[in-house]
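**Q** Here is what each chain is made of, one letter per residue.
There are 2 protein chains.
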Amino acid sequence: MPNSPDPIEILIRRLQRSAGLETSELAELRNLPVDVHDVAKNETLAHEGERVEQCILLLEGFLIRFQHTRDGKRQILSFYVPGDIPDLQTLHLPTMDHSLATITPARIGRIPHKAMRELCHRNRRVADALWRETLIDAAVARTWVRCVGRLTAHARVAHMLCELHARLDAVGLGEDPVPMPITQADFGDAMGLSVVQINRTLRDLREEGLITLHRREMIVHDLPRLHHAAEFDPLYLHLDTRQRR
Amino acid sequence: MPNSPDPIEILIRRLQRSAGLETSELAELRNLPVDVHDVAKNETLAHEGERVEQCILLLEGFLIRFQHTRDGKRQILSFYVPGDIPDLQTLHLPTMDHSLATITPARIGRIPHKAMRELCHRNRRVADALWRETLIDAAVARTWVRCVGRLTAHARVAHMLCELHARLDAVGLGEDPVPMPITQADFGDAMGLSVVQINRTLRDLREEGLITLHRREMIVHDLPRLHHAAEFDPLYLHLDTRQRR
DNA sequence: CGCTAGTTTGAAAAAACTCAATTGGCGTGG
DNA sequence: CCACGCCAATTGAGTTTTTTCAAACTAGCG
Chain A
0 MPNSPDPIEI
10 LIRRLQRSAG
20 LETSELAELR
30 NLPVDVHDVA
40 KNETLAHEGE
50 RVEQCILLLE
60 GFLIRFQHTR
70 DGKRQILSFY
80 VPGDIPDLQT
90 LHLPTMDHSL
100 ATITPARIGR
110 IPHKAMRELC
120 HRNRRVADAL
130 WRETLIDAAV
140 ARTWVRCVGR
150 LTAHARVAHM
160 LCELHARLDA
170 VGLGEDPVPM
180 PITQADFGDA
190 MGLSVVQINR
200 TLRDLREEGL
210 ITLHRREMIV
220 HDLPRLHHAA
230 EFDPLYLHLD
240 TRQRR
Chain B
0 MPNSPDPIEI
10 LIRRLQRSAG
20 LETSELAELR
30 NLPVDVHDVA
40 KNETLAHEGE
50 RVEQCILLLE
60 GFLIRFQHTR
70 DGKRQILSFY
80 VPGDIPDLQT
90 LHLPTMDHSL
100 ATITPARIGR
110 IPHKAMRELC
120 HRNRRVADAL
130 WRETLIDAAV
140 ARTWVRCVGR
150 LTAHARVAHM
160 LCELHARLDA
170 VGLGEDPVPM
180 PITQADFGDA
190 MGLSVVQINR
200 TLRDLREEGL
210 ITLHRREMIV
220 HDLPRLHHAA
230 EFDPLYLHLD
240 TRQRR
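So the protein sequences, as listed, match chains A and B.
Counting from 0, one number per residue, gives the positions in the first sequence under numbering that gives the first Met the number 0.
Counting from 0, one number per residue, gives the positions in the second sequence under numbering that gives the first Met the number 0.
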């Protein structure tokens with residue numbers, strides 16, 4: 000795996016999306032202890048019910064958060080892309096109410112809760128920036144509910160692709176071809192659809208000239224029409240602080 | 000409408016679920032300015048896209064949070080019961096990415112963001128307790144995704160009833176008959192089902208001897224079997240800090 | 001070169017939706 | 001006090017969407 004940039008710089012870039020932190024605050028962030036690991040594909044990083052003592056900063060690769068049903072079906076609740084902190088909520092809810100797993104080989108940084116809590120208590124602006132990150136994570140989950148509950152299969156799949164594209168774009172991975180190492184089975188478990196339905200929907204989207212998915216990469220042929228098909232409004236991602244709409 | 004207890008006491012009781020705040024911190028909370036209003040049924044309190052400057056503390060009645068689809072369908076994202084703070088996330092994401100409305104006559108307290116932010120910056124334990132509340136709200140949304148995405152209609156409806164029961168019970172409203180002023184159309188919009196399907200599912204649950212819904216009240220005949228039918232595990236509500244499971 | 005994970009397709013079955021009509025409860029105005 | 005009107009609940013029936021099952025196909029990888 001290629002050398003990543005300094006993990007803390009990835010965190011800083013994320014928080015600077017909204018926070019406008021000062022030099023002294025950046026210095027504090029740079030003092031955080033980060034334990035970097037490489038993890039294979041399909042490894043579970045934290046199990047539902049488990050109590051965790053550190054947060055994960057995703058440096059490279061893709062993660063999913065999921066729950067199971069009694070009959071063994073899986074519901075994916077979010078995808079995580081580089082720069083995300085998938086379990087930041089454990090800072091105040093240390094018991095996992097879902098599981099976290101890799102879907103690609105990944106590089107992660109672990110930061111102990113203790114260090115993060117101390118930093119938050121020393122510096123309210125950093126705390127607020129982190130709080131804000133957890134709120135965006137929540138906004139994504141809410142919009143996911145609308146997507147699964149009320150959109151057609153066609154719009155649902157398009158919506159997920161729009162969201163992933165927007166979030167990847169925000170970390171500089173939005174240029175064609177966009178990395179999209181997500182199997183059709185994963186898409187199905189994310190949108191509450193069967194693999195068969197996902198396959199047919201992706202074929203429709205391809206035949207409409209919106210996107211092509213091939214070899215773990217996506218080419219977006221017509222983003223405005225894809226957005227329209229998905230009823231996608233990026234407001235809920237709160238990607239910048241400037242007022243929209 | 001009958002006189003409520005002091006609004007701030009309702010907030011304090013909520014935060015004390017987990018926080019164990021000290022006398023001085025309670026005094027600070029009691030200094031928060033709260034503007035109490037009565038609101039009629041079916042009033043929208045905040046619209047998607049709007050920027051808000053205060054938080055709402057729900058004192059009496061039920062609220063919903065929802066989004067629309069292009070063809071006018073509605074997806075309810077959460078129900079709120081007395082004691083909840085339905086838009087606490089606006090403290091750091093002031094632009095609403097969904098709407099908030101009453102489904103019953105309600106009494107609400109409005110607390111300016113400014114006062115809450117100042118309190119949070121003076122007192123990190125209060126800030127952490129509020130942060131934790133927003134994280135639980137997020138956990139509820141995530142579990143809602145699993146519910147809508149992967150459970151059968153039968154389990155979905157049962158799950159929603161379990162959640163409402165558990166949350167109402169946590170604020171002392173869980174004794175039979177449980178207040179449940181939610182129409183079948185609302186249930187449908189919440190679980191991504193049609194009214195017809197909700198009606199038939201509720202009939203099934205009644206015929207199985209699990210619950211009776213009548214005149215805006217619910218009687219729970221067999222809570223353990225209802226939990227089982229719903230695949231309900233209250234872990235995600237993080238209702239107490241003691242370790243479960 | 002063969003294995004495996006993932007994709008693709010067809011066809012029948014199941015779940016849920018829509019449409020349409022009816023019923024019931026309750027508040028309001030006469 | 002009763003009739004009307006409205007909102008909500010209920011039921012039947014036909015249709016649509018999506019699932020399930022089964023099988024074939026493809027591509028990367030050891």
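Keep in mind that the hints were calculated from the coordinates and are not lab data.
Don't take each hint at face value.
[As the list claims (entries may be wrong)] To be clear about the criterion: a stretch of chain A counts as covered by chain B if any three or more of its residues have a C-beta under 8 Å from a C-beta of chain B, and this derived list gives those stretches: (1) 101 to 108; (2) 143 to 152; (3) 208 to 218.
[Said to hold, decoys possible] In silico negatives: residues of chain A with every beta carbon more than 12 Å from chain B: (4) I7; (5) A45; (6) S77; (7) R199; (8) D232.
C-beta: ideal position from N, C-alpha, C; glycine also.
**Q** Indicate, hint by hint, whether the structure satisfies it.
**A** These are the hints, each one checked on the structure:
Under the rule that three or more residues need a Cβ within less than 8 Å of chain B, the assignment of the stretch 101 to 108 of chain A is violated, with 0 such residues. Counting residues of the stretch 143 to 152 of chain A whose beta carbon lies closer than 8 Å to any beta carbon of chain B gives 7, which reaches the threshold of three, so the coverage claim holds. Residue count for the stretch 208 to 218 of chain A with a Cβ under 8 Å from a Cβ of chain B: 0. That is fewer than the three needed, and the coverage hint is violated. Its beta-carbon lying about 22 Å from the closest one in chain B, A:I7 satisfies the requirement of being farther than 12 Å from that chain.
With 12 Å as the threshold on Cβ separation, the claim that A:A45 sits away from chain B holds: the shortest Cβ distance comes to roughly 14 Å. Interface exclusion of A:S77 from chain B breaks down, the closest Cβ pair being 8 Å apart, not more than 12 Å. Listed as a non-interface residue, A:R199 keeps its Cβ farther than 12 Å from every Cβ of chain B; the least gap is roughly 18 Å. Some Cβ of chain B comes within 12 Å of the Cβ of A:D232; the nearest lies about 8 Å off, and the non-interface call is violated.
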